[in-house]
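Chain by chain, the residues:
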Amino acid sequence: MSDMAINPAGRGRLLAVLPKLAATALMLVLAAVWLGPLLLIVMTSIKSNAEFLAGPFALPKSPTIQPYIDVWFGLGFGTLLRNSLIYATAGSALAVTLALVPAFALSRMNVPGRKWIFGLLLTGLMLPQQTVLIPLYDTLRTFHLLDTKIGLIIVHGVYGMPLQVLILRGFMTTIPPEIEKAAYVEGATDFQVFWKVILPLSVPGILVGYTLNFIAIWKEFVFGLVFLNSEDNFPVTVGMLKLNSDRYLAVFNLPAAGLVISQLPIVILFILTYRQISGGNLSGAVKG
Amino acid sequence: MASSARRFDDGTFVGYARQHVFVTVFGVAVPLLVFACFIGYPILYTIYLSFFEWNGMAPQKKFVGFANYAYLFQDKYFYIALINNAKWLVVSLVFPVSLGFLIAYVMKARLVFAPSLLRTIVFFPVTMSLIAVGLMFLLILNPVFGAFDTLLRSVGLGFLVHEWFGDYRIALYTLAVISGWAFTGMPMIFYFAGLGDVPKETFDAARIEGAGHWRMIRSVALPQLRPVTAIIVMLTLFESLRAFDLIAMLTKGAPFGMTNVLGYLVYMESFWNSRFGYGAALSVVILVIAGSLAAVLLGKVLKGAFDV
Chain A
1 MSDMAINPAG RGRLLAVLPK LAATALMLVL AAVWLGPLLL IVMTSIKSNA
51 EFLAGPFALP KSPTIQPYID VWFGLGFGTL LRNSLIYATA GSALAVTLAL
101 VPAFALSRMN VPGRKWIFGL LLTGLMLPQQ TVLIPLYDTL RTFHLLDTKI
151 GLIIVHGVYG MPLQVLILRG FMTTIPPEIE KAAYVEGATD FQVFWKVILP
201 LSVPGILVGY TLNFIAIWKE FVFGLVFLNS EDNFPVTVGM LKLNSDRYLA
251 VFNLPAAGLV ISQLPIVILF ILTYRQISGG NLSGAVKG
Chain B
289 MASSARRFDD GTFVGYARQH VFVTVFGVAV PLLVFACFIG YPILYTIYLS
339 FFEWNGMAPQ KKFVGFANYA YLFQDKYFYI ALINNAKWLV VSLVFPVSLG
389 FLIAYVMKAR LVFAPSLLRT IVFFPVTMSL IAVGLMFLLI LNPVFGAFDT
439 LLRSVGLGFL VHEWFGDYRI ALYTLAVISG WAFTGMPMIF YFAGLGDVPK
489 ETFDAARIEG AGHWRMIRSV ALPQLRPVTA IIVMLTLFES LRAFDLIAML
539 TKGAPFGMTN VLGYLVYMES FWNSRFGYGA ALSVVILVIA GSLAAVLLGK
589 VLKGAFDV
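Heads up: the sequence lines are chains A and B, in that order. Mind the numbering: the first sequence is residues 1 to 288 in the numbering used here, read in order. Mind the numbering: the second sequence is residues 289 to 596 in the numbering used here, read in order.
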């Protein structure tokens, strides 16, 4: 992707350099706008109360991890992180599991009406979650799943499925048809082709889908807010609401430290998988 | 394109299902059942509930016909939220989408140094929760201790300092811009991938004809990227209808409901005011808006982009 560059017609040296200078200046400003807030927050999070009063741009002279300790115990981050981890791990696993065979059916099999089935599943992607909160709340209550981890995992899994079908179907479409033809000639069943041929070849796509779903659940807020009541079940996003209160906003180092803690697992995941998740896999899936 | 080595079936669904039990059961029936239970049924139940008055607890729901809708169309807060959604959408379409395109183009045209670094920086907030993003800007935009206002004062622009979340004239725009800041990485990635798919010859031909960057964008890149733009517009549309997290974290609709959007109003009316029937009616309005906009987009612009 880096071998192609858009080269407009050259018009003398100065004119060729000018857009480059302007673009670089613009990009520096943009980098400051996107990176600046993050750096300021990290900086604030390691300041003592006294140093905080020196102003937001003053560099921390004697960095301290006290804000991290205070906010960790004040908000119970141990429980919050564990819960988010459970929801993201299990919810994504459920979403991918639900999506695997449909993605196979919609990409490699001539299921009649597959266009309609695919379109129907995709409406789940477009649905604003707020519009189904009431019925889901009611349903979860009926099955005594309100304010339980299992209940939230099921909801996350089901609502993650459409995106997983989209991603996995896009990925499976790229596998050459000759591969499974050979298997069919040897008398393999649909299941064997799926299990022994397509599934192993789809592992990279599955990893991308799982990672994206993991991040999506880590970010998710509405379902956790509405379907949970007890703090023992809160994910990080819901637990963090408390940081917007007079108690925590007296000095900014505590909320800043809490913010860093809440994003740390995602930062690690981001560093490990950045190439895969930002490589246009999503748009590739859409174009299919 | 789907392909199957075997074509024993007679073309009907039943014939196909007999031949391919595994695929039919786990690839079609199970997902459709799950869809029906958790997405289809809730939508229908929401529509049903919008004709009732219900506090969410009582065993009896009271049928009120179209009363919820009649109330809705004279509810001041409904109109405020509706207009706020429109404003939010406009900000989202203008700021993150055009900026995302610009960054993608500038990187693809190799106009900057270290393009992949900028891409990483801009994409990172896409992975952040909006609760964390909101908290971050709550600290940054604090009028007393915040970095932004401190910066404004130090460069002599102190008159621009505002109560960014408290001033009813700008609070909504503050929220929409923050949401745009977190979202810009999405259109950027899509446009970046889209520009990579445009044949090199197309750009070469334009260059030979003497096109500069401006013409290149207007006459080559944008027309070629129309399907990508359509997908991004769809994404932005649904993102803006979903707007919720930032409002719940930062303003809760205050001041005076001036930062309320439909997605948050539904939640407030249902789960705070216990007016589940009215909340359902609001939900139906959101569904109608989302559905009709999606139909227009799918029908007109997106033809072929979602082809199976």
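Hints are supplied without guarantee of correctness; some may be wrong.
Claimed, not checked - Examples of chain B residues toward chain A, derived with CB under 7 Å:
{"#": "1", "residue": "Val302"}
{"#": "2", "residue": "Phe310"}
{"#": "3", "residue": "Val322"}
{"#": "4", "residue": "Gln348"}
{"#": "5", "residue": "Phe351"}
{"#": "6", "residue": "Met424"}
{"#": "7", "residue": "Ile428"}
{"#": "8", "residue": "Leu440"}
{"#": "9", "residue": "Gly444"}
Stated by the list, open to error - Computed from the model, here is a short list of chain B residues facing chain A with C-beta under 8 Å:
{"#": "10", "residue": "Val316"}
{"#": "11", "residue": "Ala358"}
{"#": "12", "residue": "Phe361"}
{"#": "13", "residue": "Val400"}
{"#": "14", "residue": "Thr408"}
{"#": "15", "residue": "Ile409"}
{"#": "16", "residue": "Met416"}
If you're looking for bench data, these hints aren't it; they were derived computationally from the structure. Cβ coordinates follow ideal geometry from the N, Cα and C atoms, glycine included.
Report task. With chain A as the partner, please determine if B/Val322 meets the hint condition of a C-beta pair closer than 7 Å. Result -> holds (6 Å)
Requested in this report: Identify whether the interface hint at B/Met424 stands, where standing means a beta carbon of chain A within less than 7 Å of its own.
Outcome: holds (5 Å)
**Report entry** Per-residue hint verdict: B/Phe361, partner chain A, C-beta under 8 Å
**Finding:** violated (18 Å)
Query raised in the report: At a threshold of 8 Å, is the proposed contact between B/Val400 and chain A supported by beta-carbon distances?
Result: Cβ of B/Val400 sits 5 Å from chain A, so the hint holds.
Report task. Classify the hint on B/Met416 as holds or violated, based on whether any CB of chain A lies nearer than 8 Å to its CB. Result -> holds (6 Å)
**Report entry** Supplied contact hint for B/Phe310, tested at 7 Å Cβ to chain A
**Finding:** Hint holds; B/Phe310 Cβ to chain A Cβ min 4 Å, cut 7 Å.
Query raised in the report: Should the interface hint for B/Gly444 be scored as holding, given a Cβ-Cβ cut-off of 7 Å against chain A?
Result: violated (16 Å)
Query raised in the report: Given B/Ala358 was flagged as interface, is its beta-carbon under 8 Å from a beta-carbon of chain A?
Result: violated (20 Å)
Query raised in the report: Does B/Ile409 pass the interface check with chain A, least Cβ-Cβ distance below 8 Å?
Result: Given a least distance of 5 Å, the restraint on B/Ile409 holds.
Query raised in the report: Should the interface hint for B/Ile428 be scored as holding, given a Cβ-Cβ cut-off of 7 Å against chain A?
Result: holds (5 Å)
Query raised in the report: Can the hint on B/Phe351 be confirmed by a CB-to-CB distance to chain A that is less than 7 Å?
Result: violated (17 Å)
Query raised in the report: Does the CB of B/Val316 sit less than 8 Å away from some CB of chain A?
Result: At 6 Å from the nearest chain A Cβ, B/Val316 passes the 8 Å test, so the hint holds.
In summary, the numbered hints that this structure violates are 1, 4, 5, 8, 9, 11, 12.
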